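Letter by letter, the chains look like this.
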Amino acid sequence: MSMMTEAEAKRICDKVLSLAKADQCEVQLTGGRTGNIRFARNTVSTSGIVDDIQLVVAVAYGKRQGTVTTNELDDAGLERAVRRAEELAKLAPENPEFMPAVAKQTYKPSNTFYESTANITAEQRAQAAADSLDPSRKNGLVAAGFLQDNAGFIAQANSNGVYGFQRQSGVDFTCTVRTEDGRGSGWVSKNVDDFSKMSTSLASEIAIAKAKQSVDAKALEPGRYTVILEPAAAAGIINFLVFGLDARQADEGRSFMSKKGGGNRIGEKFFDERVNLYSDPWHPDVPVLPWDGEGTARGRVDVVKNGVVNYLQYSRYWAKEKGVEAKAQPGNLIMEGGKASLEDMIKSTKKGILVTRTWYLRMVDPQSVLITGLTRDGTFYVENGRIMYPVKNFRFNESPVTMLNNLEELGKTERIAGDEAAVIMMIPPMKIRDFNFTSLSDAV
Amino acid sequence: MERRDFLKITGIGVGTMMVPVMGRAIAAEELQAPMAVAFKKELADAALNAATKAGASYCDVRIGRYLQQFITTRDLNVENVVNTESLGAGVRVIANGCYGFAATNLLTKDAVAAAAQQAVAIAKANARLLSEPVRLAAVKGVGEVSWKTPIKKDWRNVPIKEKADLLIAANKAGLDAGASFMQSVMFQVNQQKYFASTDGSYIDQDVHRLWVPFFATAVDQASGKFRTRQSLGAPVGRGYEWLDARPEDKIQAAGGVTTLYKNSYDIIEDARAAGKQAKAKINAKSVEAGKYDLVLSPEHMYLTTHESVGHPLELDRVLGYEANYAGTSFATMDKWQSKKFQYGSKIVNLYADKIEPGSLGAVGYDDEGVTCKRWDLVKDGILVNYEAIRDQVHMLGEKESHGCCYADSWSSVQFQRMPNVSLAAGKAKLTPDEMVADVKKGIYIVGAGSFSIDQQRYNFQFGGQLFYEIKDGKIAGELEDVAYQANTQDFWNACTAICDDRDWRMGGSFFDGKGQPGQISAVSHGAATARFNGINVINTARKIG
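Residue numbers (the numbering used here), protein chains in the order written: chain X, 1 to 444; chain Y, 1 to 545.
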């Protein structure tokens, strides 16, 4: 059975720990059910459910480590996994940077599970798809979308007495609506942990409206423009910034946070003072597990405070080397926003480009965090507070460091997860000046 | 069947756990004990029967055992050795004209039969949304057959110490040559895949893949600059023999700027070169933006081909099935139907295949039981075909699937994935040096760097690993901050020369993503060094505060 009670999960964890003969043992057990429905060309294309479970056993003899994953959880399977991990560890060379398993921790639970999501039926998924397909068909448009739900548990334990158990759930919906002639396209995304808060009908209205509005896009010259990035468009770019916040990379001279001559630039002001980023596992809108992948208890962390980078991620080894406190890897990212709605931000814009979605973002130069990517599924020219007309998509080459210095305005934050973001986020729409579009794309 | 019966049949019960530790590759050795084919057939039949009884008009079941080993190193340290194993069954059905899918990690007759019934229930629940029933191209059942990647040396037989030592030696070579940091990883994959369908096929396949990438980083503390150079060795559908480097498999890049590899890979030599080249990049000349003739090595071309040919010719994208995520395609069916669409210049011949020996995508049968083959995509520059699977080929007026259906796990539903897609070698004799000699103002690019392309595969931007200025037919020196931008059709029509088959070799992508839920696949792309005239090059250097 892939969904376990806490007692069942604890029994497995305890069994693994009792089987281990190595100096230390760490266990992570995850399981559950994922369900999905996918549609395209105004019809359902695939749909399915998967029950699975995964056990990760990591052991160490001295500084030798071995890790094994398996989904066979009978007694023989558990013993086999432990023995394999031990055999791997015995054969692995010593790692001078080895760190012992974390000491016993106290976890304050976070609210990551909803029965409404765990109980989703095939019929409910079909209805969610129908609520998107029907209005698209009625409008003479073509919808493609995806709804995915998951409900499961995670248990974490180690031979130092660490033990945590929590259930998790989530639902992600994205929908692209295109005109039949392929000249217009609109997109929407919505992520919730409680299925009762998901309305694919309301969400699809946004994609439908954008598809209609985006027909006959005009070509603007590439160049530097004021942009309004919707939260999903901004999230992907901000994501790359977070990748650069590793302390060791910075200290070793291979990050935008590296200081010329050695060391890092923590404590320096990199961004506009309105930029505030933090992580909080108990945030009511984006709760995440109160521990990280190693079992270290998470807490609230101020990453950027008033434009100053206050936080770098130290691995436990690097923290020891540098004599600083190791903190858990954050599981979410919250950017403080303002009070303005997206509509308010459009109203206050004299000339600019509204961007619905960013696509195929890739690092071009980690030295400057230069990212390339494209706009997609709804790019509009704004003048004197109104959306004037759709414009062809742009390729951009821009750095989030530069971008967050060129901040004009922040709007109300929204929960964002999925394609282009590594962690779940609360991100506001943001108005940025001098955003660097380098070429045009004919893609709709 | 109860769990203990399964263990008895597969021979991996308690009695076999006490494997010797020293001198053998332990877990890996144990992992080599395959699941008994007879047991898989029993499970498959249970699923097929249950689905049929529940009302399915078609059913296929995939029973998979996916084994992987990753060895990660940093400088002279082994960071971790990880073995992963995943086992389970996925059942796909058609009922009331609609697909349904369910997967379970429990390999008992009851569990797979329940999954089959669940899949049928899902199909029936969704049938009301269907605008057109699924139409599968006929496949004649092949009975009980097997296929295996033709490997000479199984990674599971190679002691971990030997593998770790090789990575550490490569890291040391890079550090000694000038890198400030070296990281390397060994990805080893074995997929034991069993497929059965109501067409009467029972196909047992054993697929092997290997990739050993490294990353050399040079840091100049005084200037605060850092640069990287990644490995030039390809990921392969070969055994561990890929790493037994042979002198006859080495190729000199144009102008002798570096050594490249064809049928085996000298990782130590490449790491040494990478250390030196990463350091040299710090002081390389920053490129002047403008139009250049590009000479692109196969180590670079694979990614360009992958993004601008492999993906846009996936028929599911063309039809709109990927519109919500991976995108659609500019290569619409009217262009193909015109039989005149000039995808590239007349010397451009691009083909798909699932049987190229040593390639990442090579298998005997795809994941819906179709025998694999090779076919043309672009012939003498004209678009002539797509990459399609059973439920699509009727739209092309074809009766047989192209055989490029794939699922990355037993728990993922199979769908259309890119086969190996390659650029055919030029017909006239031409070496990379001869190609460079004919270029007045150009850039020679080796290795793949950053890459990005729009959702219809028109506008792209690619970087690289090594960039050399070409002036009046000679390589003049190293460049940095290079990326080129083009429109796919313009780019392939700017192809003016392709080296001959002596220079043809494959690169590949080990983790190509597509689909919702997202899946990965691995594909190879072959090419010989090719020239593209008048391509727009931008300078990517930026300063931040």
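If you're looking for bench data, these hints aren't it; they were derived computationally from the structure. A quick note: this is a predicted structure, and the numbers were derived from the prediction, not measured. Note that beta-carbon positions come from the ideal geometry of N, C-alpha and C, so glycine has one too. Be aware that a few hints might be false.
Away from chain X, derived, C-beta distances all over 12 Å, residues of chain Y [said to hold, decoys possible]: (1) T52; (2) G141; (3) V185; (4) Y202; (5) I347; (6) W375.
List time: in silico DSS-like cross-link candidates among lysine-lysine, alpha-carbon distance up to 30 Å [stated by the list, open to error]: (7) Y/K279 <-> X/K259; (8) X/K63 <-> X/K212; (9) Y/K399 <-> X/K63; (10) X/K350 <-> Y/K543; (11) Y/K41 <-> Y/K161; (12) Y/K124 <-> Y/K399; (13) Y/K225 <-> Y/K285; (14) Y/K124 <-> X/K138; (15) Y/K471 <-> Y/K276; (16) X/K259 <-> Y/K276; (17) X/K197 <-> Y/K399; (18) X/K259 <-> X/K339; (19) X/K392 <-> Y/K340.
Results of checking the hints against the structure:
{"no.": "1", "hint": "T52", "verdict": "holds (19 Å)"}
{"no.": "2", "hint": "G141", "verdict": "holds (24 Å)"}
{"no.": "3", "hint": "V185", "verdict": "holds (14 Å)"}
{"no.": "4", "hint": "Y202", "verdict": "holds (23 Å)"}
{"no.": "5", "hint": "I347", "verdict": "holds (25 Å)"}
{"no.": "6", "hint": "W375", "verdict": "holds (24 Å)"}
{"no.": "7", "hint": "Y/K279 <-> X/K259", "verdict": "holds (19 Å)"}
{"no.": "8", "hint": "X/K63 <-> X/K212", "verdict": "violated (61 Å)"}
{"no.": "9", "hint": "Y/K399 <-> X/K63", "verdict": "violated (59 Å)"}
{"no.": "10", "hint": "X/K350 <-> Y/K543", "verdict": "holds (28 Å)"}
{"no.": "11", "hint": "Y/K41 <-> Y/K161", "verdict": "violated (37 Å)"}
{"no.": "12", "hint": "Y/K124 <-> Y/K399", "verdict": "holds (27 Å)"}
{"no.": "13", "hint": "Y/K225 <-> Y/K285", "verdict": "holds (14 Å)"}
{"no.": "14", "hint": "Y/K124 <-> X/K138", "verdict": "holds (24 Å)"}
{"no.": "15", "hint": "Y/K471 <-> Y/K276", "verdict": "holds (24 Å)"}
{"no.": "16", "hint": "X/K259 <-> Y/K276", "verdict": "holds (24 Å)"}
{"no.": "17", "hint": "X/K197 <-> Y/K399", "verdict": "violated (46 Å)"}
{"no.": "18", "hint": "X/K259 <-> X/K339", "verdict": "violated (36 Å)"}
{"no.": "19", "hint": "X/K392 <-> Y/K340", "verdict": "holds (27 Å)"}
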